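J.: Each chain, letter by letter, is given below.
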Amino acid sequence: MKNNLGKTILFLLAFVVLQAEDFSYDFKVDNTHPYVKEAVILTLDIQQTNKDVVLLFNFDLKENDNYQFQRLNTLETDSYHNAQIHYEYLIYPLKTGEISLEFELLKKITTDESVAYSFSGDRDNIKGLVTTDTKVSLPPLTLQVKSLPEGTLFVGDFTLTHQLKIHTAKPYEPLPFQVYIEGQGYPPLLNSILPQEGAFTRFTEHPLVKSVATSKGTQNAVSYPMALSHSKSFTLPSIKLKAFNPKTEKSYFLSVPSQHFDIEEVPKDTLLDSLDTPKPFSMDWSWLANLLGYLVVFGAGYLTALAWKWQKKKVQKSLHPLHEKITNCKDKKTLLQVLMATDDKRFTSSIEKLEASLYGDGKINLNKVKQEAQDLL
Amino acid sequence: MNTKITLLKKELAKAVVGQKDMIEGLLVGLLCDGHILVEGVPGLAKTTTINALSKALGLDSKRIQFTPDLLPSDIIGAQIYNPQDHSFSIKKGPLFTHLLLADEINRAPAKVQSALLEVMQERQVTIAEETFKLETPFLVMATQNPIEQEGVYALPEAQLDRFMMKLVVKHNSQEDELDIMRKAATKGFGEVEAVLTKEDLHTLQKELYTVHIDEELELYIVQLIGATRDPNAFDLESISSCIMFGASPRASIDLYKAAKAHAFLEGKTFVSPADIGAVIHNVLRHRIVLSYEARAKGMRTDEVISTIVETLPIP
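Protein chains in written order, with numbering that gives the first Met the number 0: chain F, 0 to 376; chain H, 0 to 314.
The reader is advised that the hints may include incorrect statements.
Unchecked claim - The calculated lysine-lysine pairs, modelled on DSSO-like cross-linking and capped at a C-alpha distance of 30 Å, are:
id, chain 1, residue 1, chain 2, residue 2
1, H, Lys8, F, Lys352
2, F, Lys312, F, Lys344
3, F, Lys239, F, Lys145
4, H, Lys256, F, Lys344
5, H, Lys132, F, Lys344
6, F, Lys369, F, Lys324
7, H, Lys8, F, Lys329
No lab work stands behind these hints: they were computed from the structure.
As the structure is a prediction and not an experimental result, all values here were calculated from the model.
Full structure from sequences and hints, please.
T.: Here's what the structure looks like:
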């Protein structure tokens with residue numbers, strides 16, 4: 000009962016009817032005790048009272064950091080010598096405490112002749128509407144703005160959805176991530192809605208805002224296009240955005256649960272741009288490698304030739320067919336036959352010794368003669 | 000060693016350095032009335048040796064350079080018509096000599112070769128209708144160049160058989176070549192003088208008959224020659240496919256005579272198996288005809304002979 004009475008008194012205060020020269024006007028504010036960023040609807044009705052003159056009006060709110068405003072509607076009933084104008088504004092207070100809404104009103108008085116002339120003439124002879132302007136001082140309207148609960152980011156009735164198509168990517172490949180916030184209230188805009196925790200790279204753009212101001216507040220549809228990337232698998236912490244609904248006077252959270260992203264290992268070589276990215280500068284030692292290669296090949300060839308030569312000599316000496324034949328001779332006659340068959344004068348001495356032993360009275364050591372013959376090979 | 004042989008060798012050494020095998024081969028040929036075929040590259044003192052031998056023995060020597068356009072009459076001689084008295088006279092060719100160097104015999108056409116080889120065998124020359132006996136000794140030393148084989152007329156086997164020995168003359172040793180070089184530069188070769196006569200040579204040939212050869216060695220010679228004809232009969236299956244034709248009976252005769260001459264030159268009074276072994280390659284290497292298979296394998300007749308000598312047991 001007490002609360003109802005208070006609201007009734009506030010409404011009466013907000014309904015102010017004032018009488019000025021030549022015209023009357025009245026302001027209406029739907030809420031004189033709004034929360035910060037809560038929508039307040041202001042209406043102004045001007046009624047011409049002096050029917051002898053032609054009256055025109057220009058009305059607007061003064062710019063101020065304490066509030067934002069937007070004209071929703073202007074309705075003019077332009078009957079002859081009886082101007083009636085209805086203005087409707089959407090106002091968002093931005094500061095707590097008492098703030099004043101200040102106005103500018105310009106009254107323009109003209110005559111019927113001037114109005115008539117202003118519609119005559121041709122393209123090269125235009126006559127403007129001649130008016131006598133008078134600034135009308137309107138008293139400011141005071142709002143008692145209430146503070147928001149601590150940590151409130153958005154004010155209004157919003158819902159949050161997000162879109163995350165892939166959870167797996169290659170290193171540094173962007174992972175598209177989109178958050179949509181829709182609802183009625185002060186436009187839910189933030190520089191970044193991503194949490195500061197996490198070492199991944201964040202790519203953000205300005206949010207895409209679609210908002211329509213109505214007499215019930217601003218209808219918003221805001222999307223936050225983002226992308227994430229990292230070289231390793233990572234986890235995006237949960238996003239919690241605190242919002243406050245002034246109609247229910249309750250806080251709530253718009254949230255995105257924690258998301259894990261798997262980054263596949265990719266060989267580094269395949270990541271390099273072999274066409275456009277020049278190789279990092281390094282000293283070219285390939286000539287030395289080539290030179291060493293040639294030296295090794297040359298050395299190997301030279302040693303092979305030497306080894307071949309040594310082997311050949313060794314084989315010739317040890318495996319000379321006559322060498323073996325002489326070794327295999329078991330008696331003097333056989334050795335004599337073998338040496339005779341050679342037709343080699345080097346063995347003349349050995350042959351003579353063998354003959355002297357076989358057909359004369361000479362005495363020889365067969366092994367010694369063999370050795371002598373083998374030494375001649 | 001026979002003093003005459005020693006003297007002869009010493010005299011030859013004045014003009015010829017090294018080449019002992021060739022000198023020994025020529026002496027064997029002279030003692031046995033045989034002819035020698037020499038194969039070797041040019042410049043190995045073949046002409047020098049013949050000239051030196053002729054001077055040392057007081058014999059005539061001539062040299063014929065065989066060429067493709069040579070005619071038989073160029074070597075044996077011809078009947079010449081004399082227009083002044085309308086008569087024919089005999090012009091003897093260069094064959095009428097004691098020692099003949101037939102240089103590059105395989106460059107002459109077959110008819111010239113045949114004419115020479117007939118003379119070598121018959122030791123007489125018929126010009127027109129008149130026959131002339133050649134003086135003894137008569138030795139032909141024919142040469143062949145093993146390098147140049149283009150434009151040559153290879154001697155047929157039957158004609159090669161007329162040569163008692165085929166010597167393969169090789170280059171001198173480095174020491175000998177150094178000696179030759181120095182002597183040639185300072186004209187240091189001595190003048191060869193006649194140290195023996197034709198009669199002395201006949202005496203030596205007669206002495207050769209006295210050199211004894213055992214029956215077993217005679218049989219050994221026959222077996223060696225037989226092994227070239229029928230290797231399988233002597234357990235020489237390994238070379239049976241290598242021989243197309245074996246040595247002729249002339250080979251037996253020449254091996255017999257050459258072995259005796261070798262023993263004689265060595266100062267021995269008997270022939271030993273080593274004497275046979277010393278000459279068998281020279282006597283047989285031009286008499287054995289290798290099969291196509293053996294030639295394709297790159298075999299030489301010397302290898303066949305060595306195999307035979309190695310295999311056949313010596314007495």
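J.: Determine which of the earlier numbered hints do not hold for this structure and return their numbers in increasing order.
T.: The structure conflicts with hints 5, 7, although it agrees with all the remaining ones.
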